[in-house]
Structure formats: structure tokens, C-alpha cells
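Chains as they are written, first to last, in my numbering: chain A, 1 to 260; chain B, 1 to 706.
Derived from the structure by calculation, the hints contain no laboratory data. Computed from a predicted structure; not experimentally measured. Cβ atoms here follow ideal geometry from the backbone N, Cα and C, with glycine treated the same way. There may be inaccurate statements among the hints.
Said to hold, decoys possible - For each label pair, taking beta carbons as the anchor points, the in silico distance ranges come out as:
| id | chain 1 | residue 1 | chain 2 | residue 2 | range |
| --- | --- | --- | --- | --- | --- |
| 1 | A | A243 | B | A144 | 27 to 33 angstroms |
| 2 | B | T633 | A | D122 | 34 to 40 angstroms |
| 3 | B | R71 | A | E252 | 52 to 58 angstroms |
| 4 | B | G650 | A | S160 | 58 to 64 angstroms |
Said to hold, decoys possible - Quick look at which bits of chain B chain A covers, simulated, 3 or more residues with Cβ under 8 angstroms:
| id | stretch |
| --- | --- |
| 5 | 250-263 |
| 6 | 390-402 |
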Amino acid sequence: MRIVVLVKPVPDTTGQERLGPDLRVDRAASPTVVNANDEYALEAALKLREAAGEGSVTLLSMAPDTAPDTLRKALAMGADAGYLVSDPALAGSDALSTARVLAAALGRIDHDLVLAGADTSDGGSGTVAAGIAALTGLPYLSYAAKIEPDGASVRVRRISPTGYDLLEAPLPALVVATQALGEPRYPSLRGIMAARSKSIVTWSLADLGIDGSTVGGTVATTRVLRAEAPPARAATRVIREPAPVAAAQLVEFLVERRLI
Amino acid sequence: MFPAFAEVPAYPLVFPLFWGAVVVFGLVMARHLRIFAAARAEGPSPFSQVPRRTAGLVRYALVQTKMFKDRRAGLMHFGIFWGFVLLTIGTANIVTGGLVEAIISVPFDGLLWTAVSVMQNVLAVIVLVAIAYAFFRRLVIKPARLTLSASGLLILAMIGGVVGTELLAQAFQAASYGDIPGAFIANALAVPLRSLGTQATETAFAVLWWAHIAIVAAFLVYLPYSKHLHIATAPFNIYFRKLTPRGELPAMDLEDETATFGLRTLQDLGWKDLLDGFTCTECGRCQAACPANATGKPLNPKAFIMGIREMAVDAEHGIDLIPNSPIVRDAYGLEDTQPAATALAAPLVDGAIPYDAVWDCVTCGACVEACPVLIEHVDKIVGVRRNLVLEDSRFPAELTAAFTNMERAGNPWGQPKSARTDWTKGLPFVVPTVAELAAQGRLDEIEVLYWVGCAAAFDERNRRVARSFATCLDAAGIRFAILGQEESCTGDPARRMGNDYVWQMLAAENVATLDRYKLKSIVTACPHCFNTIGNEYGQLDGHYEVVHHSVYLQRLLAEGRLRTIDADAVGDTAPRTVTFHDSCYMARYNDVVAQPRAVLESVAGLELVEMERSGKNSFCCGAGGGRMWMEETRGTRINAERTRQALETGAGTVATNCPFCMTMMRDGLDSAMADGAGTVSAVDIAELLADSLAPTPSGRQLPVIQ
């Protein structure tokens, strides 16, 4: 099975996140890493490939031209190759532009299954995957807690507010991964070394046949109005009492907040 | 033909019997060596540091200082060892047709040989008493560290048999043929034996004499297959012991794509590692000292080393005892036999050491410290971790976050760099960063760089230690600076967890930073930072003078740059009893035992009480070797056990000199207090000192630390 995983280089959230004066993320200020939720999607893809004993896992990304360094980290986890769409005209793209570009790129990569993370830690719209599905006509299976491909179709257990929905769609299809699929692996040094020689193909908008004026910041349909720091978290309360007393206090604490 | 043995029937048969056994011994030993050839060629050179290596040989092999850590067992072993060695003179005489006696008899008209006989008789009794105690110990006392094995008992029986038959043979010889000059015990024993009649005593003599030499031959043949092989290997193992700092893990070349990273199979071990295996005496001192083993975890350092030997012996099964000579090989087109390929390729994990046990190790080095024949367990366990992490990415799930945090945020907790200087807020003096001083062109003013470390920078409890230590430095008028946001994790936890890739990345970054500012003199309160900067950064060409804060503070006190309040000022209040918990990486790895105690003793009204396991025999808090970032799911908690030991002293305060020890002891004490123990607190030595500093000469009152 040929799996394509959508990955995005994002500013590292373990550092300090900084916004520029234009309220867009100042990417130069922090190191770039693979978006955490995309790593879950990649992990799921790698597990599917391992279970099948054959197939390929290909990365697809739209990002600035510094992205290959970050994509190597995803390749180190075990992906086979990567495609990067990079073009100065893409700066400031909104979710719609991104979906259009990625949908076009997807048309040039053989695939049976497309996996995407739930959302990205920088933009956070969580709509790109749905946009791609809409533009390409791929079946869209979201919030997957379990992915079971079966020859020509795929079954997905979708997390719902009350439990699970069982979805099934013919392949090719697009599945949005969740963290319930399992922790991403930590790349081994062997994997890091192997990643050095893996191929990353870079496409410009021209390569994809897209007119630069139809995408990017100038035609963005969304606008950032305001950005503010999240409220500081309240102090943690640590109960240091013998177990029976601690249990009573814990119950009281939870009941007060109507949590149990 | 052999006048010395005229009374022994069929004496010349000794030669084929004994020398045949020597040949078998040689062949088995040679086969052991051929397994060494299958290992990595790396190992210490016999020609480096010869005086130091030789001195160690005297100390550990001849005087056996490490053995005496267990006094009774040490004395017993000393008796058996030296008795056995010196009694060899008699055996050597027998197997050389009396050559030894002939030579020794030359001076002083045979008096010297008489003296040898006196000594032999005395030694024989000493060995027999020691052997009897050894049997008693194995069968009746049964210390937990000893595995009851047929092999151990057989060896004791053989040694006892060799010595006993020799002494009795002499007694019957004296009874049959008259007193032997010098052999006073045998002569005394002969007196009652004479009543048996000459025929009986002569027969008994012949049987016992031959039994003696038969046991000697059997011992030689059995020796290379048994744990008693250590009499042949221990001297080499001691001579070739690790002489680099004990806290320096082997360097790794991560660019070599063809290499196996870390230790996967027997073939990845160096020859010294295999020698360790063949040297293990199974005495179990490592096991008894191991905090993981003591708290019911699968790790048993003894079983690991024995496992390496067992795997090596398995591999030997492919090799014929008698190698085909090149002539035979040419004539018959034979290849020489090779070590069993499957045994050589078998993984060490779950072969020599269970997977879980690999991760139980706190790298505290108690096993290495305890081993009388200087086996190095820890470097090998980290070697196995290296293979699991770098090749297979196989490790406890909790470590992923620690690795990623170190890699991305430069600290294991994933805290933002900007918070690194938060601990300085509210101090009544300014703690400058190196970058600030460099910008003002005042780099030269820095007397010492205070390497804060991640724990003191981010952990609320340890920040208080940093404030106390900085207060001491300020009170002593030391011009110090910190790196602030430019400081990064030293990489020590990553290295101990087997992730040398992350260690090299972080260490290289730190070396670059330190060298950019040309900083050479460093003080740190973290033993782990101290050890890796001081003992390991040299592998990346970073050379610094690092001093641990316990040593630094002791020096400031000794030089009079710091003064504590007089005992008079404290008044008649009851002394505060304090027990000091030694950090493994200070006491055991870096010999810092006296200095932190000297700091404590400078504090008026403080009474120091020692735990049973202190100094170089300290018991780990449970956080070393990256265990700080792993869940402790197997067995009981190590910090709870150490807390129990601390509480046993009755002290009201547990003093530490390590941020990890602080966290572990504090957690342990909190749990103990929740379970009803009295109020006992964990306090760093710098805090105790800062709280009792005398006002500085200017009369300025020192601030109270919050």
C-alpha cells in the first residue's frame, strides 16, 4: 500500500513561541520541528507498512525552502521519501490556499491512503485535510483511533462524543489521525543516518501548474485580528497526606468542581 | 633415580599424569583465548602506565585490599590464597622429580628446605581451617550473595583434598620411614599412627600420596571450566583494569556507518569485557551492593557478567580442543574449527542480561566498587543501552519525552530557556550572565563560572539550593557569572541512557559556548554535570577545571573566605543531628567524601551521624543513570530504601550535595512522613552553610533565603 502522510514543519512549542508584528508566527525566532500531530499520523503509517510487510510511506509538505532539514527528521522515523512544495508566492497562505496546493501535489504522487494530523500547532485551523478531501474527492475519515485497511477499502474507528463511529470507505481515501493511534517512535541513529540519503523532491508552484497570484497571503480568505497570551495556569495543588486523608481531600476537590 | 621419592611406588608415573594435565589446561585456556580473538580487538595496552598497573596488581591481587571489605571472607580467602600459593612449592618439587628440593637444599646444608617444610606444615593447617570455614559459610551461613553451586563446593573439596592428602601422606610417611626434618605437625601425627604397623602405614602413605597428585591433576583439568579460573585470569584483569576516570564512558564514533553502535553481541565486546567474564568469581559482592537488586528488581550485576562468560563458553563449543595444525589442514583439506556462529551472533539482551534489567541500572557504580577483581559492569550496561537506543530505538516509553526535550529545549524537562535565570530573581545581589559581562568587556573579571545545571535552574526546590550557593559565593566575594540562556543540559542523562547522539550534540554545543568565552574555571553543584564536563568533555576536546560545590565551599572555608557563626552564638540548644547522603558521582566516581563533611562540620550546633552505607559505599538515591526520568515499576522504590536507611540514624536532617539526590530523598522523606515518620527534611550542604554564615567583615547582615 502506498501511503502519503501530510507533514508540516512548525515552530518548536518547547521553546518560546513568538509572533511577529504582523501577528504571524516569526519562524526565524524558534527552531523548527515536525508538527506533533503529524508525527502521530506518520507513526500510524509506518505501523501499517510494517504490518503489511510491504508498501511505501511518502511525506508531502508545503513549507519554506528550509523545510528539508525538518523533513529529514520525519524520514529518520522511517518514511521512504518526501515531496516539498515551496514557493515564495506561498507566504501567508491560508487553509484554502494550502489545501489547493497540496491537492494539486497529491495528484502527482501515487497513493492508496493519505494520512494527516488532526491539526497543526502553529495555524491550528484543522481544516486543511478536509479541504484537500473536498478538492480531490477523496473519502474523508476523521478522528481516527484505529485504521484497518482491507484490500480495496479502509475501516476507521472515529472518536465521537459518545464512543466510536465505525466508518468504511473505498481506497484511495484520506484519514485524519489522532493521538489514540499510538506514540510516535523516537528515531534511532541508524534511522537518522539512513535519512541522509533519502530523496526529497522540491516542487515550485510552476511545477504544479498553479498560478502564483491565485494562492498565498494576498488572496487569503482569513485574517488574523488579534493575538494574545493564554491566561496563566492556576497553581498546582499537591496533597501530601496519608493515603486515606489524601483520597478524601481529592474527592472533595473534584466534587467541588463538579468533575465527579 | 629420584632419591627424594624413593618410597613412592611407581613414582615416574607422576610425569605423564601431571604434565598431561598441564597440557589439557593449556589447550582449554588456549580455546578461551580463541574466543577473545572473535571479540573486538580494542582494549587497554599492556605497555601503558606499567608502574601504575603493576602497583594495582600488588594491591588487588597480592594484598587483596578489596576482599577485606568483608573482613571474615577476606581473611578466609587470604589464608587459602597464600597457603595455596606457597604450598605449590611442595607440588612443584614432586612434579620436577625433586628438583626444587635439590636447589633449595644447597645453601646452609639443607636447613632452608627444613624451614620450607616447617612453613608448609603450618600453611597446610591454616588452609584446612580456612576451607572448613568456607564450607561452613556456604552450607550453614549461606550469605544471600553466594549462589549455592556444586562447582563451588567441588573446588573447596579439591583444595581441601590437595592440602589434606599432602599433610596426611607426610604423616604416614613419617610413621613408616621416620621423622621428616621440619615437618613437625606430620611428625606429631605420625606418633599415634605407628601403632598401625608398617605395612598399613606404608600402604596408606602410597594411597594418600597418589591421591594428592591425582587431585592436583584433576584440579588443573577442571580449573579452566570453573569459576576458579579466576586464579589464572584475575591478575590479568587487575593489570588491564580501566585507568581512565571511572566516570568516563567509552568514546563513540557516531560517524562510522559500518560500525555496530554499542554492544549487541559477544563480538561487540572488547577482549577486556570477555576477560571480565572469565574472571568473575561469583562472589556476589556486586549483587549485594546493587541498589536495584536490593529493591527486588531483575538486575543482577553478577548474573550479567556470568552471562557473558556463559555465552562465550557456548561459542567455544564450535571449536575443537586440539586445533588442526596447518600441516594437517593442508594435507587433508580441513578448515580449522571456528566459534559457533549462532552463539557469536546471539544478542546480549535476554542472553546475558534481561531487557528490563538493562534499564534498572542507576549507574551508581556500587558493583564496580565492590568487585575484588575489578570487573567493570556499568560501562557494559551502558554499552547495551547504546545499542538498544541508537540501533533499535528500543527503550522505556518515558524516555522519548526526556530525549526529545533535551534535544529540542536543551533540558530534560522541556522548560523554556528563558526560565533559566528565574532562580536569581529576588536575590539581594546581581548574578551577571557571561554574555552581559562580555558585552561590557568584563570577561576577565570572571573568577569562576557557576554552571547551574537544569535541575537547579528549573526545579523549584533545587532553585533554593542555587540561591543558597550563590549567596555563599557572594558572601565570599567571589566574582562569578552564569551562562543563563546560553547554558544547556550537559547531556549526562542522555549519555547514561545510551543516547550518545544527544550527548554529543549537547556537549559539543556547550564546549563551543565555553570556548567562545574562553571559560576554563567552572563550579557546579550538580555531580552529574561535574562528572561529564570534567571527565567526558575531553572526548570532544573540551578541557576545563571543574570543581564541585562541596569542594569549592570547603576550600572557601579553609581559606577563611567564608566564616560560619561561632558555637557560642548558637547557644545551648540541642545539636541538630544531620546524616549525609553521598552522591554516587561524587563519592564513588570522583573520590569526594571528606569535603562535604568538612562543610557540614563547619556549621555550629550540627552533629553528623553516618549511615551504614556512606562514602564510597554509599547507596544510590535511585535517580542516577537517567532513572530520574524513568518510572520505577519493578520491585520497591530505591529512594524509599535509602530513606529508611537515613531514618535509621535518627537524624532530623538528611544533607545532600546533588540535585537529583535532593529530589529523591525529599520524595522519600515526604512518603515516610505521610506514613507516620517524624519530621525529617532533605537539605543541601550549601543551604546549611548559607544559613549559618557569619556576617561579612563589613558588618553587612546576610539575607535570609526564602
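key: Violations among the numbered hints   = Violated hints: none at all, because every hint is consistent with the structure.
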